[in-house]
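Novice: Sequence:
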Amino acid sequence: MSKFGELVDLNIPVLLDFYTEWNDASVAMHPVLRDVAAAMGDKAKVIKIDVDKNSQLAEALRVKGLPTLMIYKSGEMKWRHSGEQDANTLIGLLKEHL
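So for the sequence shown, UniProt numbering puts the first residue at 1; every next one is plus one.
Be aware that a few hints might be false.
Unchecked claim - Each computed DSSO-like pair below joins lysine-lysine, with the alpha-carbon atoms no more than 27 Å apart: (1) K78 - K64; (2) K64 - K48; (3) K64 - K53; (4) K3 - K43; (5) K73 - K53; (6) K78 - K95; (7) K64 - K45; (8) K64 - K3; (9) K48 - K73; (10) K48 - K95; (11) K45 - K95; (12) K45 - K3; (13) K53 - K3.
Said to hold, decoys possible - Quick list of simulated restraints, FRET-style, between CB atoms: (14) V27 - S74: 28 to 34 Å; (15) P31 - G75: 26 to 32 Å; (16) E21 - R80: 29 to 35 Å; (17) K95 - W22: 29 to 35 Å; (18) E21 - E76: 28 to 34 Å; (19) R34 - G83: 26 to 32 Å; (20) D35 - Q56: 28 to 34 Å; (21) W22 - L57: 16 to 22 Å; (22) R62 - A38: 28 to 34 Å.
Just so you know, the hints here were simulated from the structure itself, not pulled from any lab data.
Cβ atoms here follow ideal geometry from the backbone N, Cα and C, with glycine treated the same way.
Given only the sequences and the hints, what does the whole structure look like? Please build it.
Specialist: This is the structure:
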């Protein structure tokens, strides 16, 4: 939990993906997130968080559906969505917060 504050307190947008390996929609997002990370380079950060290994954090952020995607910048949540998204939408959202 204490490390979470450091992760999201950056001056670049941080896309968080809350997932599990047993959830098909979560697994389907893996290649999409790789594409987003490649497209954004060092202008944004993409971080995957396994809900099974980080249940306290998922509970604190009220993560119910999977995958749950969030964008943070400077420690503040800017956007949140439960369910799959395509790479172009995510790239567009990250660019809005540059």
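Novice: Now tell me if each hint is right for this structure.
Specialist: Here is how each hint holds up against the structure:
Restraint check for K78 and K64: the C-alpha separation of about 18 Å stays at or below 27 Å, so the hint holds. With a CA separation close to 16 Å, the supplied pair K64 and K48 stays within the 27 Å bound. Using a Cα cut-off of 27 Å, the hinted pair K64 and K53 holds, with the two alpha carbons roughly 15 Å apart. For the hint linking K3 to K43, the alpha-carbon distance of about 21 Å falls within 27 Å, and the restraint holds.
Using a Cα cut-off of 27 Å, the hinted pair K73 and K53 holds, with the two alpha carbons roughly 24 Å apart. Using a Cα cut-off of 27 Å, the hinted pair K78 and K95 holds, with the two alpha carbons roughly 12 Å apart. With a C-alpha separation of about 23 Å, the suggested pairing of K64 with K45 holds against the 27 Å cut-off. Among the hinted pairs, K64 with K3 is consistent with the structure: their alpha-carbon atoms are about 22 Å apart, no more than 27 Å.
Distance hint between K48 and K73 is fulfilled; the C-alpha atoms sit about 16 Å from each other, no more than 27 Å. The suggested pairing of K48 with K95 holds, with an alpha-carbon distance near 19 Å, which does not exceed 27 Å. Simply put, K45 and K95 have alpha-carbon atoms about 12 Å apart, close enough for the 27 Å limit, and the pair holds. A distance of roughly 15 Å separates the Cα atoms of K45 and K3; the hinted pair therefore holds under the 27 Å criterion.
Between K53 and K3 the alpha-carbon distance is near 14 Å, which keeps this suggested pair within the 27 Å criterion. Taken as a hint, the range 28 to 34 Å holds for the pair V27 and S74, whose Cβ atoms sit roughly 31 Å apart. Distance hint check: the CB atoms of P31 and G75 are about 29 Å apart, consistent with the given range 26 to 32 Å. At about 22 Å, the beta-carbon gap between E21 and R80 misses the expected band of 29 to 35 Å.
For the pair K95 and W22, the supplied restraint of 29 to 35 Å holds, since their beta-carbon distance comes to about 32 Å. Distance hint check: the CB atoms of E21 and E76 are about 29 Å apart, consistent with the given range 28 to 34 Å. At roughly 19 Å, the beta-carbon separation of R34 and G83 lies outside the given 26 to 32 Å, and the hint is violated. Taking the beta carbon of each, D35 and Q56 are about 30 Å apart, inside 28 to 34 Å as hinted.
Judged by the Cβ atoms, the range 16 to 22 Å given for W22 and L57 holds: they are separated by roughly 18 Å. A C-beta distance of roughly 30 Å is found between R62 and A38, which places it inside the suggested range of 28 to 34 Å.
Hint compliance for this structure: hints 16 and 19 are broken, all remaining hints hold.
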